[in-house]
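Peer 1: Sequence:
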Amino acid sequence: MSLEGRLSINLATTRGSWGFAEAVDGCLRHGITAIAPWRDQVEAIGLKEAARIVEANGLKVTGLCRGGMFPAEDKAGLQAKIDDNKRAVDEAAALNADCLVLVVGGLAGASKNMPEARKQVADGIAAILPYAREVGMPLAIEPLHPMYAADRACVNTLSQSLDLCVELGEGVGVAVDVYHVWWDPELATQIARAGQMGAILAHHICDWLVPTTDLLLDRGMMGDGVIDLPAIRRMVEEAGFHGPQEVEIFSRDNWWKRPGDEVLSTCIERFETVC
1 MSLEGRLSIN LATTRGSWGF AEAVDGCLRH GITAIAPWRD QVEAIGLKEA ARIVEANGLK
61 VTGLCRGGMF PAEDKAGLQA KIDDNKRAVD EAAALNADCL VLVVGGLAGA SKNMPEARKQ
121 VADGIAAILP YAREVGMPLA IEPLHPMYAA DRACVNTLSQ SLDLCVELGE GVGVAVDVYH
181 VWWDPELATQ IARAGQMGAI LAHHICDWLV PTTDLLLDRG MMGDGVIDLP AIRRMVEEAG
241 FHGPQEVEIF SRDNWWKRPG DEVLSTCIER FETVC
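As numbered in UniProt numbering, residues 1 to 275 make up the sequence shown, in order.
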């Protein structure tokens with residue numbers, strides 16, 4: 001059965017072996033026609049060339065990673081973040097991405113003021129939203145696991161993310177990444193809520209290893225950990241999202257050390273058997 005429309009590879013997954021062009025070639029060799037690149041990977045090859053490669057190969061870009069990181073120590077810093085996010089919107093549009101994924105950011109500097117960080121996130125998204133609407137680029141808020149609340153994302157549950165969607169209005173949705181939300185006792189309720197809102201823009205998959213040796217760079221291949229991937233997939237599909245499942249694996253000491261073709265063949269095998 002064709003993988004088209006079913007499986008996407010976030011290019012973080014093959015970061016250990018390949019840059020943008022090599023990853024595209026590898027995906028095409030394996031029959032994968034959907035990708036999600038990172039901004040630094042696009043920058044390395046150049047936005048114009050990345051867009052040319054996407055168009056020439058008829059690729060679907062399920063998301064661009066990442067915008068966000070809004071909280072700052074002063075108004076000038078926040079404005080710089082807003083300006084960078086507008087550039088990210090332009091990059092996502094040039095790649096014809098389904099969405100720009102937002103990892104919203106944590107506490108700024110030495111701050112311990114979490115309510116202020118969350119306010120800056122809402123203000124920052126509100127500041128770029130009119131521009132994103134103008135160019136037709138949906139913004140996908142990705143709640144991150146609470147272990148990242150201080151440094152990467154002060155929005156940690158789907159409930160928080162969807163509340164922001166309600167506050168901000170049209171053009172904002174969520175990215176459901178199993179690594180970050182699998183533990184949430186409200187997961188089923190909030191995925192159903194997201195479906196009612198039409199807010200699910202992306203579905204990211206990997207696995208949570210036990211033990212996990214690095215909280216950022218030791219994600220597992222699907223089937224190697226404790227996440228009930230089929231159950232979450234059913235929730236997402238019942239909520240109305242039928243886009244590709246996007247494999248996103250950060251694995252410094254395992255998968256990033258393996259040949260890219262081995263990584264992709266394993267992704268496909270696990271996608272077909274355990275997801």
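Watch out, some of these pointers could steer you wrong.
[To be verified] Taking CB as the label site, the calculated pair distances span:
hint, residue 1, residue 2, range
1, R258, P130, 25 to 35 Å
2, G198, P230, 33 to 43 Å
3, R252, V226, 35 to 45 Å
[To be verified] Listed next, the in silico PhoX-like pairs over lysine-lysine satisfying Cα-Cα at most 25 Å (straight line):
hint, residue 1, residue 2
4, K119, K75
5, K48, K86
6, K60, K112
7, K75, K112
8, K86, K60
9, K75, K86
10, K60, K75
Derived by calculation from the structure, the hints in this document are not laboratory data. Backbone N, C-alpha and C define an ideal beta-carbon position, used for all residues, glycine too.
Peer 1: Please go over all the hints and tell whether each is borne out by the structure.
Peer 2: Okay, the hints, checked on the actual structure:
Separation of R258 from P130 is about 44 Å and departs from the stated range, judged on CB atoms against 25 to 35 Å. Distance hint check for G198 and P230: the Cβ-Cβ separation is about 23 Å, which falls outside the suggested range of 33 to 43 Å. Distance hint check: the CB atoms of R252 and V226 are about 20 Å apart, inconsistent with the given range 35 to 45 Å. Between K119 and K75 the alpha-carbon distance is near 13 Å, which keeps this suggested pair within the 25 Å criterion.
Between K48 and K86, the direct Cα distance comes to roughly 17 Å. Compliance with the 25 Å bound is thereby established for this hinted pair. Taken as a hint, the K60 and K112 pair is broken in the structure, with Cα atoms around 40 Å apart against an allowance of 25 Å. A hinted pair counts as satisfied when its Cα atoms are at most 25 Å apart, and K75 with K112 qualifies at roughly 17 Å. For the hint linking K86 to K60, the alpha-carbon distance of about 22 Å falls within 25 Å, and the restraint holds.
At most 25 Å may separate the alpha-carbon atoms for a hinted pair to count; K75 and K86 meet this at roughly 17 Å. Our distance criterion of 25 Å between C-alpha atoms is broken by K60 and K75, whose separation comes to about 37 Å.
Violated hints for the displayed structure, listed by number in ascending order: 1, 2, 3, 6, 10.
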